[in-house]
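> Protein chains in written order, with the working numbering: chain G, 1 to 316; chain W, 1 to 184.
Hints were generated in silico from the structure; no laboratory data involved.
All C-beta atoms in this analysis are idealised placements derived from N, C-alpha and C, irrespective of residue type, glycine included.
Hints should not be assumed to be uniformly reliable.
Chain W regions said to be covered by chain G (calculated; three or more residues, Cβ under 8 Å) [as the list claims (entries may be wrong)]: (1) 19-33; (2) 111-122.
Going by beta-carbon spacing under 7 Å, a handful of chain G positions derived as facing chain W [said to hold, decoys possible]: (3) 2; (4) 28; (5) 31; (6) 33; (7) 304.
Simulated restraints, written as ranges between beta carbons of each label pair [to be verified]: (8) 215/G to 175/W: 39 to 47 Å; (9) 243/G to 62/W: 53 to 61 Å; (10) 137/W to 152/G: 39 to 47 Å; (11) 142/W to 1/G: 26 to 34 Å.
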Amino acid sequence: MKLASRHLLQLEGMSKEELTLILDTARSFREVLERPIKKVPPLQGKTIANMFFESSTRTRLSFELAERRLSADVVSFTTAGSSVSKGETLKDTARNIEAMKIDMVVIRHASAGAPHFLSRVVEANIINAGDGQHEHPTQGLLDMHTLREKHGTLEGLRVCIVGDILHSRVARSNIHGLKTMGAEVSVCGPRPLMPREIERWGVKVYYRLEEVIPQVDALNVLRIQLERQKSGLFPSLREYHRYFGVTRDKTEKAERSLTIMHPGPINRDVELSADLADSEHSVILEQVTNGVAVRMAILYLLGTTGSAATSPEKGA
Amino acid sequence: MSANRLIDAAGMRRTVTRLAHEVIESNRGAEQLAVIGIRTRGEFLARRVAKLVEEIEGQPIPVGILDITLYRDDLRGRLDQPLLQSTDIIFDVTGKTLILVDDVLYTGRTIRSALNAIMDLGRPRSIQLLVLVDRGHRELPIKADYVGKSIPTSLAQEVQVRMVELDGEDAVYLSDAAGKEARS
Numbered sequence: 001m002k003l004a005s006r007h008l009l010q011l012e013g014m015s016k017e018e019l020t021l022i023l024d025t026a027r028s029f030r031e032v033l034e035r036p037i038k039k040v041p042p043l044q045g046k047t048i049a050n051m052f053f054e055s056s057t058r059t060r061l062s063f064e065l066a067e068r069r070l071s072a073d074v075v076s077f078t079t080a081g082s083s084v085s086k087g088e089t090l091k092d093t094a095r096n097i098e099a100m101k102i103d104m105v106v107i108r109h110a111s112a113g114a115p116h117f118l119s120r121v122v123e124a125n126i127i128n129a130g131d132g133q134h135e136h137p138t139q140g141l142l143d144m145h146t147l148r149e150k151h152g153t154l155e156g157l158r159v160c161i162v163g164d165i166l167h168s169r170v171a172r173s174n175i176h177g178l179k180t181m182g183a184e185v186s187v188c189g190p191r192p193l194m195p196r197e198i199e200r201w202g203v204k205v206y207y208r209l210e211e212v213i214p215q216v217d218a219l220n221v222l223r224i225q226l227e228r229q230k231s232g233l234f235p236s237l238r239e240y241h242r243y244f245g246v247t248r249d250k251t252e253k254a255e256r257s258l259t260i261m262h263p264g265p266i267n268r269d270v271e272l273s274a275d276l277a278d279s280e281h282s283v284i285l286e287q288v289t290n291g292v293a294v295r296m297a298i299l300y301l302l303g304t305t306g307s308a309a310t311s312p313e314k315g316a
Numbered sequence: 001m002s003a004n005r006l007i008d009a010a011g012m013r014r015t016v017t018r019l020a021h022e023v024i025e026s027n028r029g030a031e032q033l034a035v036i037g038i039r040t041r042g043e044f045l046a047r048r049v050a051k052l053v054e055e056i057e058g059q060p061i062p063v064g065i066l067d068i069t070l071y072r073d074d075l076r077g078r079l080d081q082p083l084l085q086s087t088d089i090i091f092d093v094t095g096k097t098l099i100l101v102d103d104v105l106y107t108g109r110t111i112r113s114a115l116n117a118i119m120d121l122g123r124p125r126s127i128q129l130l131v132l133v134d135r136g137h138r139e140l141p142i143k144a145d146y147v148g149k150s151i152p153t154s155l156a157q158e159v160q161v162r163m164v165e166l167d168g169e170d171a172v173y174l175s176d177a178a179g180k181e182a183r184s
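Same shape as in the complex, but just chain W (with noise of 0.2 Å):
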């Protein structure tokens, strides 16, 4: 398996403080603003945007964590059953602008997911895709707002995000993982 660095440390960090600043300017501030990553590594991504965003605007944004397991569509005949793990997003979502996290976007499967996820939550006022990586290959209508880099991709290849809080370094990598699963 070969696998390239696309992103390292620094080019993540750059990369992270813009999209931060364009969350900003886009909703002209951070009035009403909360953002909230999807488990595991959009929660990491999630925390360091909104640390920025706070930074800049001067006024805390909370943050929430989102499992997704029980909205997944692909639930029932996995041989193996991903472990459930607890939302955890204590702010009330009602009338708030939300910026959706995650670290690689892809067929969109996910983000359908979170977005059924939220709405049982409660009716916020509108709801914002921010991704580290858009790697194309779309199975459903979905776009993001906010877009680290996009990398065109094969389906045979995979994207690896890589994150300090997790991984021990900050970096994505395109690999060419024949047949191998992208992510579970």
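Isolated chain G, as found in the complex (with noise of 0.2 Å):
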């Protein structure tokens, strides 16, 4: 078994048992994290480069802690958005990844399909840390991993995404991936952060945060980006935090303990309570330890996959 490209481009597409094989892996990686000695050498030799063309900070580090564990040596780069075009830039990056001898590249960029453009024109395995409003696979394998570690599997699993669903590649990733896996996903968000063709992603839309609670096991809150304020779709954060901020009022009505989870990093009080996300219910710091681990999944699946060339084969 092993995936059918060899590239993490998006989630959507992706069969079950890919999946099941990316959050499997990832869960015996776990234990290499809790070892004394953290580094595994399965990528020894290889060269790693993190293109970040869209700030980010722990997106960042838990990929090159993920390289670094694994034994591959990395190169990372990070620049703000440049006014030189888009398209161009990323040409002249392709051919110095191939000019540097880089086997695999992780990018993030701030126009939806970067990385799929990369991984027609490179040799490298390209992997998609987050690419415009598209997607974030890892983001999404992560959360899915988190919430089939705390309730053992994802079948019938009922998650609502809360928050700016419009903008938000999290939920993208989150609803293809969990969907795929058998969960039942629904979002809540302001009607104006909704996008039009919601319905079509066979998920469930709910415009009250109220209604949703009582009805799921777990709430993916999303980060509010305060940038996008003066977009004019968006209510003010007061307004914002009455309606869909998650606290311990609105979610003691759940019948059932609910699993709140966060991308991060958190806007405490805004979308968030801050008790809610330190308390029992919380599983945001799990999802960041897990984030290494499915992205040594990722880049161990991908980086050690054979080619072409046979081998001979010996065990024992």
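Put the two chains together into one complex; each comes in its own frame, and the hints tell you how they fit.
Given below as structure tokens:
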């Protein structure tokens, strides 16, 4: 069993077997992270470039840590959005990757489809670390992994994604991945921040948090991007918090104990109240640890897949 | 494919019992002893050896399971990707006398991988190797301390260890499977 593609570009279209393989492999890497020496050798001699065309702290750190723990050589660069036309920059980037003999590329880009473009023009394995408003597959996988470890299975699990669904690549990856794994996915947020075609994704849509809370096992609370406030789609922070902020008095109406997730960084007391973020319901720090394990799994699965060259096989 | 049974259930029981006694004799007891089995069949063999040592010496013996996938020297270039399973060693290996257990000793590459994997977990006082079958054809300077049965084989032959826990019977077969992979 191995992944069908040499790249991780999106969770949409991946099979249940592939997602299960990634999540099972991530579980094995969790054990590696508990060891006194947290380094294992499978990517020795591989060079990985982390290209972050959009700012990110935790995703980049998480990837770098995962890469180093698999013994890869790592180069990273971050650029703030430049005025250079994106297509031109990427083409140059691709040439440089080829010239530097880089084996794998982790890319975050403000333009949806940038990783797909790269995957067509270079030999390296491409891993999407977030492309525009399209997908953030490793975040989706780490959310799925966290839910699976907490609840045992994703089959039939009821998960609601709360917040700015329209602009969220985290929401897209979660919806595709969770639905493939058999979870029941719903979304909840202000009407202007809901994509128009949302019903076609096969999710239930709620506009009131109080309505959805009694019906789900887990809430994945999205980060409110403060810079989007000026877009006009957005209510004031106070109004947002009042209607869509996840707080204890709202979650107390849940029949059972709710699992609360957040991709971070949290705007405390905006989308999620501080006491809930630190409560026993929260698995937010668990998500961070799982992020490293899931990224190790992806890098391992893509980085060690055999090429066309066959090797004589002997065991024992 | 013709398969020749070299060891049956009673034979395996006697062999494993002898191996357990040899371990105790050579270490003068079971002080600081721990047993580590290499997935998959090494795990079951390790549990049996540890249980026998426990019964004879009257003290508990820690058992660990080692997955060597991440340490294989043929990880890249393989068309089929081995499934990564977890290593399950909850005790501290530092200072212990480890009995490393596998079903078949062949090229020695699995054992090399296992030694590297163990060294990343700590610093054992010593590591001894126990195998049910030594079939020869070493490619690395590795030798077992405890051998159930040495079986001269040709490269074209296949040694298959079957264990109740996984295969429904205890037996060792030698078959002529020309060109077929020995194990994966």
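> Confirm or reject each hint.
Each hint tested on the structure:
no. : hint                       : result
1   : 19-33                      : violated (count 0)
2   : 111-122                    : holds (count 4)
3   : 2                          : holds (4 Å)
4   : 28                         : holds (4 Å)
5   : 31                         : holds (4 Å)
6   : 33                         : violated (11 Å)
7   : 304                        : holds (5 Å)
8   : 215/G to 175/W: 39 to 47 Å : violated (58 Å)
9   : 243/G to 62/W: 53 to 61 Å  : holds (56 Å)
10  : 137/W to 152/G: 39 to 47 Å : holds (45 Å)
11  : 142/W to 1/G: 26 to 34 Å   : holds (30 Å)
In terms of the numbered hints stated before, the structure departs from hints 1, 6, 8, listed from lowest to highest.
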